[in-house]
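K.L.:
Chain residues, written in single-letter form:
Protein chains: 2
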Amino acid sequence: MFESAELGHAIDKHIFETQVPVLREALLEAQYELKQQARFPVLILINGVEGAGKGETVKLLHEWMDPRLIQVSTFDWPTDEELARPPAWRYWRQLPPKGRMGIFFGNWYSQMLHNRVEGNIDNTELDQLIDRSMVMEQMLCDEGALIFKFWFHLSKRQMNARLKELKDDPLHSWRISPLDWKQSKIYDRFVRHGARVVQRSSRDFAPWYVIEGVDHYYRSLSVGRILLDGLQAALKTQQRRVPQPHTAPLVSSLNQKRLLDSLNLTQSLEKSLYNQLLAAEQARLASLMRDKRMKKHALVAAFEGNDAAGKGSAIRRVAAALDPRQYRIVPIGAPTDEERAQPYLWRFWRHIPPLGRFSIFDRSWYGRVLVERVEELIDPADWLRAYSEINDFEESLTRSGVVLLKFWLAIDQDTQYQRFKKREEIPFKRFKITEDDWRNREKWDAYIDAVEDMVERTSTDKVPWILVEANDKRFARVKVLRALNDALEKAFEKD
Amino acid sequence: MFESAELGHAIDKHIFETQVPVLREALLEAQYELKQQARFPVLILINGVEGAGKGETVKLLHEWMDPRLIQVSTFDWPTDEELARPPAWRYWRQLPPKGRMGIFFGNWYSQMLHNRVEGNIDNTELDQLIDRSMVMEQMLCDEGALIFKFWFHLSKRQMNARLKELKDDPLHSWRISPLDWKQSKIYDRFVRHGARVVQRSSRDFAPWYVIEGVDHYYRSLSVGRILLDGLQAALKTQQRRVPQPHTAPLVSSLNQKRLLDSLNLTQSLEKSLYNQLLAAEQARLASLMRDKRMKKHALVAAFEGNDAAGKGSAIRRVAAALDPRQYRIVPIGAPTDEERAQPYLWRFWRHIPPLGRFSIFDRSWYGRVLVERVEELIDPADWLRAYSEINDFEESLTRSGVVLLKFWLAIDQDTQYQRFKKREEIPFKRFKITEDDWRNREKWDAYIDAVEDMVERTSTDKVPWILVEANDKRFARVKVLRALNDALEKAFEKD
Numbered sequence: 001m002f003e004s005a006e007l008g009h010a011i012d013k014h015i016f017e018t019q020v021p022v023l024r025e026a027l028l029e030a031q032y033e034l035k036q037q038a039r040f041p042v043l044i045l046i047n048g049v050e051g052a053g054k055g056e057t058v059k060l061l062h063e064w065m066d067p068r069l070i071q072v073s074t075f076d077w078p079t080d081e082e083l084a085r086p087p088a089w090r091y092w093r094q095l096p097p098k099g100r101m102g103i104f105f106g107n108w109y110s111q112m113l114h115n116r117v118e119g120n121i122d123n124t125e126l127d128q129l130i131d132r133s134m135v136m137e138q139m140l141c142d143e144g145a146l147i148f149k150f151w152f153h154l155s156k157r158q159m160n161a162r163l164k165e166l167k168d169d170p171l172h173s174w175r176i177s178p179l180d181w182k183q184s185k186i187y188d189r190f191v192r193h194g195a196r197v198v199q200r201s202s203r204d205f206a207p208w209y210v211i212e213g214v215d216h217y218y219r220s221l222s223v224g225r226i227l228l229d230g231l232q233a234a235l236k237t238q239q240r241r242v243p244q245p246h247t248a249p250l251v252s253s254l255n256q257k258r259l260l261d262s263l264n265l266t267q268s269l270e271k272s273l274y275n276q277l278l279a280a281e282q283a284r285l286a287s288l289m290r291d292k293r294m295k296k297h298a299l300v301a302a303f304e305g306n307d308a309a310g311k312g313s314a315i316r317r318v319a320a321a322l323d324p325r326q327y328r329i330v331p332i333g334a335p336t337d338e339e340r341a342q343p344y345l346w347r348f349w350r351h352i353p354p355l356g357r358f359s360i361f362d363r364s365w366y367g368r369v370l371v372e373r374v375e376e377l378i379d380p381a382d383w384l385r386a387y388s389e390i391n392d393f394e395e396s397l398t399r400s401g402v403v404l405l406k407f408w409l410a411i412d413q414d415t416q417y418q419r420f421k422k423r424e425e426i427p428f429k430r431f432k433i434t435e436d437d438w439r440n441r442e443k444w445d446a447y448i449d450a451v452e453d454m455v456e457r458t459s460t461d462k463v464p465w466i467l468v469e470a471n472d473k474r475f476a477r478v479k480v481l482r483a484l485n486d487a488l489e490k491a492f493e494k495d
Numbered sequence: 001m002f003e004s005a006e007l008g009h010a011i012d013k014h015i016f017e018t019q020v021p022v023l024r025e026a027l028l029e030a031q032y033e034l035k036q037q038a039r040f041p042v043l044i045l046i047n048g049v050e051g052a053g054k055g056e057t058v059k060l061l062h063e064w065m066d067p068r069l070i071q072v073s074t075f076d077w078p079t080d081e082e083l084a085r086p087p088a089w090r091y092w093r094q095l096p097p098k099g100r101m102g103i104f105f106g107n108w109y110s111q112m113l114h115n116r117v118e119g120n121i122d123n124t125e126l127d128q129l130i131d132r133s134m135v136m137e138q139m140l141c142d143e144g145a146l147i148f149k150f151w152f153h154l155s156k157r158q159m160n161a162r163l164k165e166l167k168d169d170p171l172h173s174w175r176i177s178p179l180d181w182k183q184s185k186i187y188d189r190f191v192r193h194g195a196r197v198v199q200r201s202s203r204d205f206a207p208w209y210v211i212e213g214v215d216h217y218y219r220s221l222s223v224g225r226i227l228l229d230g231l232q233a234a235l236k237t238q239q240r241r242v243p244q245p246h247t248a249p250l251v252s253s254l255n256q257k258r259l260l261d262s263l264n265l266t267q268s269l270e271k272s273l274y275n276q277l278l279a280a281e282q283a284r285l286a287s288l289m290r291d292k293r294m295k296k297h298a299l300v301a302a303f304e305g306n307d308a309a310g311k312g313s314a315i316r317r318v319a320a321a322l323d324p325r326q327y328r329i330v331p332i333g334a335p336t337d338e339e340r341a342q343p344y345l346w347r348f349w350r351h352i353p354p355l356g357r358f359s360i361f362d363r364s365w366y367g368r369v370l371v372e373r374v375e376e377l378i379d380p381a382d383w384l385r386a387y388s389e390i391n392d393f394e395e396s397l398t399r400s401g402v403v404l405l406k407f408w409l410a411i412d413q414d415t416q417y418q419r420f421k422k423r424e425e426i427p428f429k430r431f432k433i434t435e436d437d438w439r440n441r442e443k444w445d446a447y448i449d450a451v452e453d454m455v456e457r458t459s460t461d462k463v464p465w466i467l468v469e470a471n472d473k474r475f476a477r478v479k480v481l482r483a484l485n486d487a488l489e490k491a492f493e494k495d
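Residue numbers (UniProt numbering), protein chains in the order written: chain A, 1 to 495; chain B, 1 to 495.
Isolated chain A, as found in the complex (with noise of 0.2 Å):
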């Protein structure tokens, strides 16, 4: 993997001094266009070994750009706010917005690498670490993130040599922490699990570049030259590379037996009935937020449902339950500008909760595939993807000790029309009913192809979609507060 950067590559001090202003001045034209366009973020990872020059690159980089469009983010020890989340949540809070550079010194290859070298996993959930960062740097390169993998590459040799010209330095000895130090007993196990990283992990949208770091002039003018020329190829694309969606039809679509015909919408709950089993799951929802082992999770919970499903309601029976300290709920609307300027999951991400939390999500990342299918507010490439997206979202969080549920609330047409006559007639309910619901109405069938696709390819063994039929909302209510005790306990039961 690496033979080629310990070849000692080097180009002379005259060459690099006449490339550099001309490299300089074309990396800060790329930047400003970057920041102009506002159309994709830039994303930078540093790996490899100890002395190769990561630091001096990076450092470099923000002398010959400008700095202030540049932000480094370092993930060394998770502080205990990223501790109380899954892993990935201390990235997605560092990542760039369009327009920026963000460069991850520190990363999930990184965390990986050190967690093999230490020992603390095998090759086999190795190899499932890179998995997941593929189906991560995927993701982030179908919403348009240009990501650039450099290996920071020296020989044993070539690293002794370099660590002890450091030590010898006074004026460089402040770069050099103890552990640039252990790393050279370790070398061997770091660069052979290094190039297992590597190789598997290289891909056409987010390839790793291997520079040899032996040669400041070399290493140097070969990074800003690969930044140059993947900045400068991706500003001249004007359309954002949209991944080639699978053109064959959604199955749903043709299938005439309908999962949301099959519901039986008349079920329905007597009230004293209804008074005594919600109290019943409410204070057994209570209890089970207070048990020790709710330490170990987090609860999240999305509501998804036709409009005037009764999401709303059903959200209040279930905080009823609780101590306001306990739960958050995000209603999910507009997205804000900071929210535009990020990949589409990353409003969610940063209101998932800390372990003992719980947060309820009225309307969710769903609405990828619902609203914005059905509005074509996106292209269909872009919901199409968003599935298995969702489907890597929710397996990142549930593998994480997060209990996930997710709710779609069922209620036909006529019921639909009679409470939004109800809600033009009683005045505190009037802001609940705007011309876009009548709107979405008409537009029915379609959302309801949305939902079927939905539900067919998003209800996954650990996150099905419960189905709640709605039209009556005391059924509904002790259903939801049902099934989410039932997830808890099941869970707790698993510990």
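Keep in mind that the hints are not guaranteed to be accurate.
Here are the in silico distance ranges between beta carbons for each label pair [claimed, not checked]:
#, chain 1, residue 1, chain 2, residue 2, range
1, A, Ala280, B, Met134, 45 to 51 Å
2, A, Gln94, B, Ala334, 57 to 63 Å
3, B, Asn120, A, Leu377, 18 to 24 Å
4, A, Ala280, B, Asn160, 29 to 35 Å
5, A, Trp438, B, Asn160, 55 to 61 Å
6, B, His216, A, Ala280, 19 to 25 Å
7, A, Trp438, B, Ala334, 34 to 40 Å
8, B, Asp414, A, Glu6, 54 to 60 Å
9, A, Glu435, B, Asn160, 54 to 60 Å
10, A, Lys13, B, Thr266, 33 to 39 Å
11, B, Val22, A, Lys443, 36 to 42 Å
12, B, Thr79, A, Gly312, 28 to 34 Å
13, B, Leu273, A, Asp122, 57 to 63 Å
14, A, Gln128, B, Gln94, 33 to 39 Å
Rough simulated footprint, nothing fancy, chain B against chain A, three-plus residues with beta-carbon under 8 Å [stated by the list, open to error]:
#, segment
15, 73-81
16, 147-158
17, 393-405
18, 445-457
No lab work stands behind these hints: they were computed from the structure.
Glycine is no exception: its CB is placed at the ideal position from the N, C-alpha and C atoms.
Starting from the known structure of chain A, arrange chain B on it as the hints suggest.
P.N.:
Here is chain B on its own, set in the frame of chain A:
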């Protein structure tokens, strides 16, 4: 203070039940109106004696209103990210945006009371903390926030009865934490210091409401009505309550002898001396930032100056001294919509570095009294009060060990003209010159007035303005670096 809240206020269940539906409807109506206007946030502080119904009331408010528009924040143990920053940071990051309600369950008052009751601080220190809270609340109100402060009270006898009653009811026992019980023993101290706090921090703009907590109906209805009255009044007042500014003109406008005129802009550095001094100061900064004592400090530098005064290039020379992992450059441009939904200092608070790190602001909070004043983007009352708000903000940083510097890079009009012309000629610099820059130039005198006022009113003992003669960029860069180093050294010596 609390006598009238120990009288045993109670209301009839029947009255409660007839009034609640009306109250609820009106609260919902007000809440949606708040959301639609999106003119101001509502902040509700919950304090008082344990067992007096704080949690229950918050829960009830969630049931009565739309919980999706309320966000509850608790402030028990600070996270490590919070501990690494000034104490106010954790409150700033949880402020509700305009149009929303935020409930601070546990807040600065609980914090100071806890410390006083535990004997960590004395009355003088308590009073200081109260004063600072007043400053903070005043600022939030001036920015439009509607603040409700509720103190839930019980007599000692009432409290003991209440705690026993809750204990005996198995359905409610999950609501009591061990901490609740501890309160019973320290009731006297808690109430004595609580009275001091409530008395000294009740102001017209943010009064305390003392609520007797013994009767559920009385308590709930009181809180609901106070909220409703306050909300309705604020929603009706179409105009934000703008504080009346002092009508006398600012002193410096009358002063013929100007500070900026007194600068000797001809100061310069010859190139080889510059190279030598720059390298020395950069090495000094690098070593200071690596000093162990840096762990007790954070560094913040705000760069302001005439257009084309060389802020960017000075910042680059500072950055070049450092490992990019140590600092972050925060360019301040137009606020995002999330930033516009908050008090104007919010966008700066979010970038306050943790201990050991360095935030470089390229333009800063002084935009309030510079561009926003000169371009008449805000009411004079707003920039007039900004001087003291900024002084308070900076003091709350320095008090926590933040080493804070602010630079004004000054050039004369000729120099600016030449630099503008040059920028237009150099391809990669053309991004740095816009029509706006030429327009601003025509307002040179108005900007100078604003700068003079700014320096006069915000040059404090702890954070004086550092005026940098910047006609010669070399001179300016060395002066900036040296000032940073001197400030760090001074801070370290005091440790």
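K.L.:
Hints first: check each against the structure and report whether it holds.
P.N.:
Status of the hints after comparison with the structure:
1. Ala280(A) - Met134(B): 45 to 51 Å: holds (48 Å)
2. Gln94(A) - Ala334(B): 57 to 63 Å: Given a distance of about 23 Å, which is not inside 57 to 63 Å, the answer is violated.
3. Asn120(B) - Leu377(A): 18 to 24 Å: 55 Å Cβ-Cβ, so the 18 to 24 Å window is violated.
4. Ala280(A) - Asn160(B): 29 to 35 Å: Holds - the Cβ-Cβ distance for alanine 280(A) and asparagine 160(B), about 31 Å, lies within 29 to 35 Å.
5. Trp438(A) - Asn160(B): 55 to 61 Å: The hint (55 to 61 Å, Cβ to Cβ) holds, given that tryptophan 438(A) and asparagine 160(B) are roughly 57 Å apart.
6. His216(B) - Ala280(A): 19 to 25 Å: 22 Å Cβ-Cβ, so the 19 to 25 Å window holds.
7. Trp438(A) - Ala334(B): 34 to 40 Å: Holds, at about 36 Å.
8. Asp414(B) - Glu6(A): 54 to 60 Å: holds (56 Å)
9. Glu435(A) - Asn160(B): 54 to 60 Å: At roughly 57 Å between Cβ atoms, asparagine 160(B) and glutamate 435(A) fall inside 54 to 60 Å, so the hint holds.
10. Lys13(A) - Thr266(B): 33 to 39 Å: holds (37 Å)
11. Val22(B) - Lys443(A): 36 to 42 Å: Cβ of valine 22(B) to Cβ of lysine 443(A): about 38 Å, so the range 36 to 42 Å holds.
12. Thr79(B) - Gly312(A): 28 to 34 Å: Given a distance of about 31 Å, which is inside 28 to 34 Å, the answer is holds.
13. Leu273(B) - Asp122(A): 57 to 63 Å: Cβ of leucine 273(B) to Cβ of aspartate 122(A): about 60 Å, so the range 57 to 63 Å holds.
14. Gln128(A) - Gln94(B): 33 to 39 Å: holds (37 Å)
15. 73-81: holds (count 4)
16. 147-158: violated (count 0)
17. 393-405: violated (count 0)
18. 445-457: violated (count 0)
The earlier numbered hints that this structure contradicts are 2, 3, 16, 17 and 18.
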